[in-house]
Structure formats: C-alpha cells, structure tokens
Amino acid sequence: MAILSLAFKSLLNRRFTATLILVSIALSVSLLLGVERLRVESRNSFANTISGTDLVVGARSGAINLLLYSVFRIGDATNNISWKSYRKFADHSLVKWTIPISLGDSHLGYRVMGTNQDYFLHYKYARKRSLAFDQGQPFEQVYQAVLGHEVAEMLNYRIGQKIVIAHGAGKTSFAMHDDKPFEVVGILEPTGTPVDRTVHVPLEGIEAIHSDWIAGRQVPGLKLSAEDTLKKNLTPKQITAFMVGLKSKLATFRVQREINDYRKEPLLAILPGVALQQLWDLMSVAENALLVVTILVVAVGLIGMLTVMLAGLNERRREMAILRSVGARPGHVLLLVTGESLLLSLVGMALGLLLLYLGLFIAQPFIEANYGLHIPIDFPSLREWMILGLVGTSGMIIGLIPGFRAYRYSLSDGMSIRL
Amino acid sequence: MPQINAIEVDNLRFAWRRELPEVLHIPQLEVARGERIFIRGASGSGKSTLLALMAGVNLPTSGEVKILGETINRLGSAKRDHFRSDHIGFVFQLFNLIPYLSVLENVTLPCRFSRLRKRKATESGNSLHDEAMRLLAHLDMAHTDLVHRPVTELSVGQQQRVATARALIGAPEIIIADEPTSALDSDMRQAFLRLLFQECEETGSTLLFVSHDRQLEPLFKHHIALDEINQAPERSV
Numbered sequence: 001m002a003i004l005s006l007a008f009k010s011l012l013n014r015r016f017t018a019t020l021i022l023v024s025i026a027l028s029v030s031l032l033l034g035v036e037r038l039r040v041e042s043r044n045s046f047a048n049t050i051s052g053t054d055l056v057v058g059a060r061s062g063a064i065n066l067l068l069y070s071v072f073r074i075g076d077a078t079n080n081i082s083w084k085s086y087r088k089f090a091d092h093s094l095v096k097w098t099i100p101i102s103l104g105d106s107h108l109g110y111r112v113m114g115t116n117q118d119y120f121l122h123y124k125y126a127r128k129r130s131l132a133f134d135q136g137q138p139f140e141q142v143y144q145a146v147l148g149h150e151v152a153e154m155l156n157y158r159i160g161q162k163i164v165i166a167h168g169a170g171k172t173s174f175a176m177h178d179d180k181p182f183e184v185v186g187i188l189e190p191t192g193t194p195v196d197r198t199v200h201v202p203l204e205g206i207e208a209i210h211s212d213w214i215a216g217r218q219v220p221g222l223k224l225s226a227e228d229t230l231k232k233n234l235t236p237k238q239i240t241a242f243m244v245g246l247k248s249k250l251a252t253f254r255v256q257r258e259i260n261d262y263r264k265e266p267l268l269a270i271l272p273g274v275a276l277q278q279l280w281d282l283m284s285v286a287e288n289a290l291l292v293v294t295i296l297v298v299a300v301g302l303i304g305m306l307t308v309m310l311a312g313l314n315e316r317r318r319e320m321a322i323l324r325s326v327g328a329r330p331g332h333v334l335l336l337v338t339g340e341s342l343l344l345s346l347v348g349m350a351l352g353l354l355l356l357y358l359g360l361f362i363a364q365p366f367i368e369a370n371y372g373l374h375i376p377i378d379f380p381s382l383r384e385w386m387i388l389g390l391v392g393t394s395g396m397i398i399g400l401i402p403g404f405r406a407y408r409y410s411l412s413d414g415m416s417i418r419l
Numbered sequence: 420m421p422q423i424n425a426i427e428v429d430n431l432r433f434a435w436r437r438e439l440p441e442v443l444h445i446p447q448l449e450v451a452r453g454e455r456i457f458i459r460g461a462s463g464s465g466k467s468t469l470l471a472l473m474a475g476v477n478l479p480t481s482g483e484v485k486i487l488g489e490t491i492n493r494l495g496s497a498k499r500d501h502f503r504s505d506h507i508g509f510v511f512q513l514f515n516l517i518p519y520l521s522v523l524e525n526v527t528l529p530c531r532f533s534r535l536r537k538r539k540a541t542e543s544g545n546s547l548h549d550e551a552m553r554l555l556a557h558l559d560m561a562h563t564d565l566v567h568r569p570v571t572e573l574s575v576g577q578q579q580r581v582a583t584a585r586a587l588i589g590a591p592e593i594i595i596a597d598e599p600t601s602a603l604d605s606d607m608r609q610a611f612l613r614l615l616f617q618e619c620e621e622t623g624s625t626l627l628f629v630s631h632d633r634q635l636e637p638l639f640k641h642h643i644a645l646d647e648i649n650q651a652p653e654r655s656v
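In order, the protein sequence lines correspond to chains W and L.
Note that the first sequence covers residues 1 to 419 in the numbering used here.
Note that the second sequence covers residues 420 to 656 in the numbering used here.
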C-alpha cells in the first residue's frame, strides 16, 4: 500500500484545501445521517402513539379523520355515536375491553377528553407500555381530572388545584363551564404521545357540565349547581368514539366488519396500525423531499471535492512525471489520485459520524424536552451503514474521474515534464 | 560470454504520428556497459525523444531498441514500466523531487516501485535508510539539517544531488541524466559531475548524459552528437 501512503502524504502537503474538503464532506454526511435518524425516530414515535388497541370506532367518516381526532386530538368528529351502540359492542362476546372517549371541550388550548377508569387500565402506547402516574391517581368522582404531563408542566399545575373547562376546542373560548370546576387528582408520566397534552375527566363530568346546555349554549334561566347536577343520571347519551381490545387478534376483521355493517347506526371501525401507516404515507412526500435535499447536499460536497482534485491536477503533472520516472506505472498514478479522493471521503465520513454524535449529544435533551421525541444515541443502524457505504462508494467513483484524467496525462506525458 | 551492450539501437525511426514527418532516424548506436556518454544536441533536436524511446516510454515507429539485451519495444507496457523501474535511474533538469516527501523518502522512492532495486539497495546488509544516507553522504548531502529540511527549501544544487542519489539507489545499470546541470552555475556543475562520475564508477552504471552545453564535453570520453547520427530528413523545432 505504498501508493496510499503517498496519497496520504500528498494530502497532508495540501492540508488547507484538504481540510476544507473534509469539513464540507463531514458536514453534509452528518446532515444526511441526522435527517435520516430524525426521520426514523419520528416515524417510530408516530407509530408508537397507540398500541395494543385492536380497533378504534367512531361515527362513519374517513379512517384518517377518525384516527386524527380520536388518537391525535386533531380536528373534530363529524358526528357522535350513541351510548346504546357503544354498549352493544362493549358487551360483545369477542370484546375484552373498551375505552369510551368523549371530546369537544378544552382547557387553555389543551383538549379535554372524557373517558372512564378503563382508560388508565387498558390504554397502551409505544411497545405496549401502560400509562403511569407521576403523581396522584385516576379520577374517582365526577369533578376530578387527570392531567397529561405536558399540561401539568406548561401550566404549572399541582394536585388539588381546581381547573375550569371551556366549551369548544379552540384556544380561546368565551363559553366557560366555570360553574363546575374540576379538581386535579393525578398527573401522568410523560409518554411522548398526544396523551401528554390531554386533560382527562370522567365521562360523567362531561355530561354534568353540559347538563344545563342545549345545542352548544347554556340555556338561560336553567342553571343547575354542581351538587344538583350530581343527583341527575349522568350516564352519557352520546360519546365521540371508543377503542376496542379483543380477546383474540384473529377476531379483528370479523368484529370490524360487524361494526361497519351495523344497521342501527352508521359506524366506522378502523385498525389503528393501518390508519397510522396511511397517515404517515401522506406525510412521506415532505419526508422524502427532505431526504432528497440532504442527498443533494452530500452530492454538492463530493462535487466540491471533485472540483478541487481536478483543478489541482494540472499543477501535478510534473509530480506524475517524476513518479513515472522512478518506476510508477500509470495504474499507480490512477491509484494515487483516486486514493486521495477515497481517503478524503472516508475521513470526511468518520468526521461526519463524530459530528452527528456530538450533535445528538447536545440536541437530545432539547429535542426531547420540546418535541417529546426521544432520539437514542445508538450505534449506526444497518441503513445508516448502508448510507455511509453509498457515500464512500460515490466518493471513490467520483475520485476515479480525476484519477483517470491523471492516468491519461501520465500516459501521454510519459516522463517528459511539461510546464 | 560476450559482454552485452547497455544500449543497442538498430535502424530506429520515430514520428509522433504516422502522417507527421520523422523526428528521429538512427541507423545504429551502441553503448557498452559502464561507459559514460555525452549526448550533445541543440534544444529541439530530439534529445528528450531519444531518451523516452530508450526508457520505453515512447515506442519507435520501426526499428529496435535493446537495453541490456532486452528488446524493450517488443515488451508490453506493464513490462516496459517494470523494466524501466528496475534498470534505469533518471535525473532531470529541474524540479526532480516530490514536494510532499522528505529527502530520504525521495531518495528511496524507486525502491517502492522496484523490488529488484530494493533488494540491491539492501544487499550489503544496510537498511534502506542507511543506504540512502550513504549515497547522500557521498554526494555531500548527509548533514542532518539538510536531510530533515522540506525538499522545497533546498537549493537547486542540493535538489539535484538528492535526485542523483535517488537515481543511484539500488544500483540501476543505466543512469539517464537529462540536462541535470543546466540550472547550476559553472562551479557547481563541475563538482556535481565529479560526484556523479564517482558514483557511477562505484555502482558500475552506464551514464547517458544529455546536454547542449559544450563546455562539459571534454569531461567525457565518449561523445555522440545527435545531429550527426540522426538521419531524419526534417525535424520539428
């Protein structure tokens, strides 16, 4: 490998330009790997939003719409479903558990979700992790609330505090359910999912605050105090959606069809995994565009290297001629010049990796705190190794261009030293 | 066993391209081993072309070039390259050295490409480094501060001596020196030549010394005037 050591020394001799090339390759490679890692992690975190739930059921609309409002708390339900229909399927012989949810109200921009204790028992995210309490416990009475971690953190709420729920899902609302405040009894641990941004109250609570409301407005003159309301039957007449866990996965399609074919009410049952995938595919255009841009950045880095190598070649014809005179064959000259590009890309990639880990190390807590996205500092994945391999190969192939040029020069120049 | 000539040229013709006029036509030229030959020719007379033909870098249009008994124009290009690196050392007019290598790395460079020369250089039991230092010492270049200086900071005369040590390492049978002294002043020229002769004597190398400088001619026993032996009708200038 005498030639590669020559290549190394030749680069060392041109350390200023070599360093610039290295920096541009390292930056572009770390950008590419960073984007790739971010992409994979956000996809994972996205796919981890809900797990262990076999079906999500709501009023008939679109699968993605249902998923968006029931799991991501984005958008609104087109319609509610009746309590009767819910009970029918909740008591189905193949169904193990259900979680009813009722949406439509908010608290300072955070969505309020009515549900029951089964939610804390059966709802799972990531790799079948259950919800855990940071402080407190599940609600047991009508006017109690459990906060997602972000809600408690951002609004600086503590156990025992009273909160007022606003009517509607907007950030600012003028219709307050201020006559029936809720007491915070529990705060959940962070999950990195929309649960963190949700205020959970009992279904009965949702029913109670709307007991003197009709069609989205408080009925004038009809005012029920919090205590009086409790005496009423607070079983909801309607809910927004419900999640279903089955006794056997094998029954999934059967129950799904049964719900979708339900005659008495138009319902839609979706498989959350499939809908998540569809939703991600919708966003994959942006994701791919980002990837293409970063690939172009790497290409620009490599082309920068090509430019520098080609520009320097003419000045190096004398060096090639001397090498030829001491016995280097044209193949050696090819290897020397290509080897320089290969060395530059390899060292550039190594520096890029280093830069990536440095960046991850610095940015990890920030990203986790601000976006709830945990990016693990792992060894490069197989895909990342493949990307690196591809960059290295491209570097070598690009290096062949000045290499062959030098080869042709050295064939035509021989040992005659022009210049 | 009859002594094999170092160089034998037989009816050599050369043109840069078929349709262009001939640059060189040398009916006959023989150089015995161990000789020191002065080849004189004005610039543009085809000196460098002749050297390139002898080194097997260019191929004759017709005729034969035998080096050490080997008809090198019949060898494939890889074999010619091997042959050249094994048997021929070069010193050029100027800028002989690889700028990013140290003095010692420059001197030992041919041994990276030729196993034969590496073997010959280390035959006496010396390491490659010692052999390079020995040659540099003979050429009055072994001072530690000179050896460790970047080659670009050496004077032209010093550079030429380093290049000479490089041509001599591993005792190649033929040394081709293409105007090695034209960048030196006349005092330096004489001293440089004495060192070159002395080294060629020691290794038994045949020296082909090409120059347009007639002042140096008396120092050589054998002379060839390229203008006289070249029968090509027309020459590009």
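Read the hints as simulated data drawn from the structure, not as lab findings.
Because the structure is a prediction, the values reported are computed rather than measured.
Hints are not guaranteed to be accurate.
On the chain L side, residues computed to face chain W include the following (Cβ under 8 Å) [what the hints assert, rightly or not]:
#, residue
1, Trp435
2, Asp500
3, Ser504
4, Phe509
5, Asn515
6, Ile517
7, Pro518
8, Tyr519
9, Leu520
10, Leu528
11, Pro529
12, Arg531
13, Ser533
14, Phe639
Here are the computed distance ranges between Cβ atoms for each label pair [stated by the list, open to error]:
#, chain 1, residue 1, chain 2, residue 2, range
15, W, Ile362, L, Ala497, 47 to 55 Å
16, L, Ala497, W, Met283, 53 to 61 Å
17, L, Ala497, W, Ala350, 31 to 39 Å
18, W, Thr17, L, Met607, 46 to 54 Å
19, W, Asn13, L, Gln617, 27 to 35 Å
20, W, Arg15, L, Arg493, 50 to 58 Å
21, L, Ala602, W, Phe379, 52 to 60 Å
22, L, Glu489, W, Asn13, 48 to 56 Å
Residues from chain L that keep clear of chain W, each with C-beta distances beyond 10 Å, as calculated [to be verified]:
#, residue
23, Glu427
24, Pro446
25, Glu449
26, Ala474
27, Val476
28, Glu489
29, Ser496
30, Ala497
31, Leu516
32, Leu547
33, Glu618
Backbone N, C-alpha and C fix where the C-beta goes; we use that ideal spot for every residue, glycine too.
### Task
Could you check if L:Pro518 really has its C-beta closer than 8 Å to a C-beta on chain W?
holds (6 Å)
### Task
With respect to the beta-carbon atoms only, verify the hint that L:Ala497 and W:Ala350 lie 31 to 39 Å apart.
Holds, at about 35 Å.
### Query
Against chain W, is L:Phe639 within 8 Å by beta-carbon distance?
violated (23 Å)
### Task
Please confirm whether L:Glu427 is truly not at the interface, meaning its C-beta sits more than 10 Å away from all C-beta atoms of chain W.
Holds, since 21 Å exceeds 10 Å.
### Query
Taking the CB of W:Thr17 and the CB of L:Met607, does the distance hold inside 46 to 54 Å?
Between W:Thr17 and L:Met607, where Cβ atoms are some 35 Å apart, the hint is violated.
### Query
Minimum Cβ separation between L:Pro446 and chain W greater than 10 Å?
holds (24 Å)
### Task
Could you check if L:Arg531 really has its C-beta closer than 8 Å to a C-beta on chain W?
holds (4 Å)
### Query
Taking the least C-beta to C-beta distance, is L:Asp500 closer than 8 Å to chain W?
holds (4 Å)
### Query
Taking the closest pair, is the beta carbon of L:Glu618 still more than 10 Å from chain W?
Since the minimum Cβ distance to chain W is about 17 Å, L:Glu618 lies beyond 10 Å and the statement holds.
### Exclusion check [L:Ser496 not at the chain W interface, CB over 10 Å]
violated (8 Å)
### Task
Please confirm whether L:Leu516 is truly not at the interface, meaning its C-beta sits more than 10 Å away from all C-beta atoms of chain W.
violated (7 Å)
### Query
Beyond 10 Å from every Cβ of chain W: is that where the Cβ of L:Ala474 lies?
It is violated; L:Ala474 is separated from chain W by about 7 Å at its closest Cβ, not greater than 10 Å.
Taken one by one, the earlier hints fail for this structure at numbers 1, 14, 18, 20, 22, 26, 27, 29, 30, 31, listed in ascending order.
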